[in-house]
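Peer 1: Residue strings, one per chain:
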Amino acid sequence: MTIRTASTLLLAAALALPAAASAQATHAEDLRYPPLPRFDIPQPERVVLDNGMVVMLLEDHELPLVEATAIIRGGSRQDPADKAGLAKLGATVMRTGGTQTRPGDALDDYLENRAASIELRATEDHLQASLSSLKADFPDVLRAFADTLRHPSLDARKLEVARNQAVAEVARQNDDPGQILFREFRKVVYGPDSPYGRTATFASLGKIHRDDLVAWHGDTFHPDRVILGLVGDFQRDDALRQIRNAFGDWPKGPAWTQPDVPFRKQPSPGVWFARKDDVTQSFIAMGHLGGLRSDPDYYALEVLNQLFSGSFASRLVDDVRTRKGLAYAVNASLDSDYDHPGLAYLFVSTKLQTTGASIDALLEESRNLTAQPATDEEVNKAKQALLSSFVFNYDTRREVLRRQITLEYFHYPLDWLARYRSAIESVTTEQVRAAAHRLHPDDFSVVVVGPAQGTDKPLTAYGKVTPIDLAPPAHGTK
Amino acid sequence: MTRIAASRAALALLFLTLATAVPIAAQNLASFEAKTKVHVLQNGWTFIIVERPAAPVFSFATVADVGSAQEVPGITGLAHMFEHMAFKGTPNLGTTDYEGEKKALDALEAAYQAYQAARLSPHPDPQKTQGLLADFKAKQQTAGSFVVKGAFDDVLTREGGVGTNATTSADETRYFYSLPANKIELFAYLESERFYHPVFREFYEERDVVMEERRMSTESQPIGRLVEQFTSAAFSAHPYHQPTIGYTSDLQSISITDAERFFRTWYVPSSLTTAIVGDVHAETLIPLLDKYFGRIPARPAPPPLRTAEPPQVAEKTVVLDDPSQPMYLEAYHKPASTHPDQAVYDAIDDILSHGRTSRLYRTLVRDKKLAVEVESFSGYPGEKYPNLWAILAVPAFGVTNQQVQAALREELEKLKAQDATDEEVARFKTRSKARLIRSLSNNQGLANQLAEYQRLFGDWRELFRDIDKLDKVTKADIRRVAAETFRSENRTVAMLVNHAANNPANKTGDAPQPATPKGGN
Chain S
1 MTIRTASTLL LAAALALPAA ASAQATHAED LRYPPLPRFD IPQPERVVLD
51 NGMVVMLLED HELPLVEATA IIRGGSRQDP ADKAGLAKLG ATVMRTGGTQ
101 TRPGDALDDY LENRAASIEL RATEDHLQAS LSSLKADFPD VLRAFADTLR
151 HPSLDARKLE VARNQAVAEV ARQNDDPGQI LFREFRKVVY GPDSPYGRTA
201 TFASLGKIHR DDLVAWHGDT FHPDRVILGL VGDFQRDDAL RQIRNAFGDW
251 PKGPAWTQPD VPFRKQPSPG VWFARKDDVT QSFIAMGHLG GLRSDPDYYA
301 LEVLNQLFSG SFASRLVDDV RTRKGLAYAV NASLDSDYDH PGLAYLFVST
351 KLQTTGASID ALLEESRNLT AQPATDEEVN KAKQALLSSF VFNYDTRREV
401 LRRQITLEYF HYPLDWLARY RSAIESVTTE QVRAAAHRLH PDDFSVVVVG
451 PAQGTDKPLT AYGKVTPIDL APPAHGTK
Chain F
1 MTRIAASRAA LALLFLTLAT AVPIAAQNLA SFEAKTKVHV LQNGWTFIIV
51 ERPAAPVFSF ATVADVGSAQ EVPGITGLAH MFEHMAFKGT PNLGTTDYEG
101 EKKALDALEA AYQAYQAARL SPHPDPQKTQ GLLADFKAKQ QTAGSFVVKG
151 AFDDVLTREG GVGTNATTSA DETRYFYSLP ANKIELFAYL ESERFYHPVF
201 REFYEERDVV MEERRMSTES QPIGRLVEQF TSAAFSAHPY HQPTIGYTSD
251 LQSISITDAE RFFRTWYVPS SLTTAIVGDV HAETLIPLLD KYFGRIPARP
301 APPPLRTAEP PQVAEKTVVL DDPSQPMYLE AYHKPASTHP DQAVYDAIDD
351 ILSHGRTSRL YRTLVRDKKL AVEVESFSGY PGEKYPNLWA ILAVPAFGVT
401 NQQVQAALRE ELEKLKAQDA TDEEVARFKT RSKARLIRSL SNNQGLANQL
451 AEYQRLFGDW RELFRDIDKL DKVTKADIRR VAAETFRSEN RTVAMLVNHA
501 ANNPANKTGD APQPATPKGG N
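For the record, the sequence lines run as chains S and F. Going by this note's numbering, the first residue of the first sequence is number 1, and it counts up by one from there. Going by this note's numbering, the first residue of the second sequence is number 1, and it counts up by one from there.
Hint data in this document are derived by calculation from the structure and do not stem from the laboratory. Since the model is a prediction, treat every value here as computed from it, not as a measurement. Treat the hints with caution; some may be incorrect.
[Said to hold, decoys possible] The list that follows gives simulated cross-link-like pairs (lysine-lysine, DSS-like), each with its CA atoms no further than 27 Å apart: (1) F:Lys429 to S:Lys135; (2) S:Lys457 to S:Lys324; (3) F:Lys369 to S:Lys83.
Work out the full structure: start from the sequences and follow the hints.
Peer 2: This is the structure:
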């Protein structure tokens, strides 16, 4: 239990009392709120080991638990084109295969008997290893964690188990319309050859051998490419000593160069249609490439996203869901990523008979962002929502630590969150209106998954339609 | 943003992720009790307050002891529909003129009832029906003109509310969100308003939204289609066989009149429990709760459910021909989750399917490579009444449901014939303690659990007593419960089979032909 200072507690109690004593409000606008007690963003300590490994520590003594998360430079975007799925299989087998001194099955027993876990996974732009354990087991589990990162056995038998699971995923990739939609939308927008749109195939999985995993591990895992975050019930000095013992003698690797990942820079307007007759809705996505978090209008876009689709009262949700009853699921985001463009997209799923009506509604709301520019009232309300909920960005220490290691990994300033608050405060209506021009409805790629018959309007009304082949993946290597 | 009707078990079905290992160690539960206060209002509404001042925020969960099991034919889907309506405001919130709106809503409902009677008449007159539909649509327009858009969500979002959502299951309806600590009175205002005098504005527009939800989550997903068929087969009499989302014909028929009756019957204060966790102070919060929630008059307790599922006497099998990859589900009837043997079912779940040490992972996934995912769970589709213990298996590529079934059955027989190992028994005890500790780290998760245990057992402390119950589970208990449960006449099997792909004469089938690539080493 974290004990706040007595003075803060007294202050909060004093502020809450008048509310309790006053009359019951009839309207929400009659309510008056005391100021939020002062609560600073917890700051993790940052330490760099001699071998270049960055360590961030944040104590949290409420519960007898310790969690560690390591981010490692790499990710599926660096997979060779003909071996898509390599990083994902590699991450899985590093864990399931065990280490050179402790076989995978023994590692499973060891961890689960202690209700501890070590897991690894690959995303497109990073690799992640995580540890969770009870406080008492932490020193031992940390050693196992280091051993897993440094000396995995990459057991060929466990590669077959992982491959079997990955093959099943490919075989099932056309069963869920939502999954099809987002996969194909990414392919269309990032481009068919972009690692951001690529997915594993039977062929690519078949080409991955144990030697590939060994080479991948050797190339990827070096201490100067690791950012390790630790949060929980530990003493800083002890934890740092244990980390140095586990990782300190790991030699530095060769210099890191940022991968040059290709993606389509020009928009690809048009319509793509994947026919799927066993569903009762059309699943629709439209949009184009988005921006970077480091773009100067990032904060204006945050405000724009909030007023466009951030709540039930937002423009898009109110129109498509609440007023027109066209959809249960409708959303949109002008997304920004850390080191490559995100996606600016709108999504809806609707019954066949309102497919055209929904596409029209999404296009109209997109055009209205500039045709009926954001008002002062909309902007103020959106800013107020972002600022009043700001405390939820750092209300748990786990959340704070996770953000800090991500910022460190992508070379963003570590006081990003504090800057975020003041940047949102200073966003103007003019800036939000200008940011709305980042969305170009005429350039939209529109992807639709659903039955061919029964829609209210032909898709050709929205441009040239390119079919997407959902033939059984066994027949091709797309 | 989404409001999803799903029980915990159904969620487990939808997320086919590998269950990873979880948490241990004894905690000082007395210390938890010391910071927890229970306050029952005169009208019967129960509040549980946990002071956890780590950050100036709080979360809450309100659990209504009503779910789709309280529905009868004709109104299936209404518990979930009401959940959606609980975000539509009150006479004080969401209208430009309640007097005018009230008149418009009454006229709307009269028009709907007239249209409905004509539409469902045994001898419908199409022209008359069309005319009544047009009248209904016009009245919908009029009523809509009084609505202040998204007023409930708007005030909540503006004041910093996050994680706003609600869920409906067979057993309960749950409402929850988090706010900064200085907005505690807003919570008291909004939460009491909506259960004091909800206004069913935009009801028929929202009904369209719910029908889209049904199309998306049940009809357009292979697992959704399979689970609906499976559930209706597994229960023959008990309302657990009804889909929480509702049947299409009922969704097309439920009305404001139905919703009002449902609200009056089931949303009585004594059926409501709210748990509040975070930077709150019981001594200032309780007067606030009295003031706002005390406005609601006490009402008689709703009638108990009469129908009990009769003992199953014949094995049931559902085969769904579907253009997707195979999927296998088998389930056995078991007692309500308040039964003392629930701890034994939890132990069986842990031994069979939790993590990479589990028996089903090691045999079916690792060694035989018949499945890529196997998960067992109990408490489907609810926990309040006798329910199901089930296994969901995702066959590996090119493997049939029958192969998976044979391997699963071997493991179930083993549980009856042989004792679990000391290591397995020690492991589930350790893991359940750790799981409890980990669940305490999150305001919202804790509020959900406390409210749920209070509803199910009448005492939130059962959350902690679960650990004692698990600690007492013996190897003999596991064999006894396995023998009592895993009987063929107590079983329902549901399989998703792709006949077109399995027929070699049909090469244009929608599913891939088995041609598993094997990598060399």
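Peer 1: For every hint, state whether the structure bears it out.
Peer 2: Evaluated hints:
For the given pair, Lys429 of chain F sits about 17 Å from Lys135 of chain S by alpha-carbon distance, which is consistent with the 27 Å threshold. Proposed proximity of Lys457 of chain S and Lys324 of chain S is supported: the alpha carbons are some 17 Å apart, at most 27 Å. Under the criterion of a C-alpha separation no larger than 27 Å, the hint pairing Lys369 of chain F with Lys83 of chain S is consistent with the structure, at around 23 Å.
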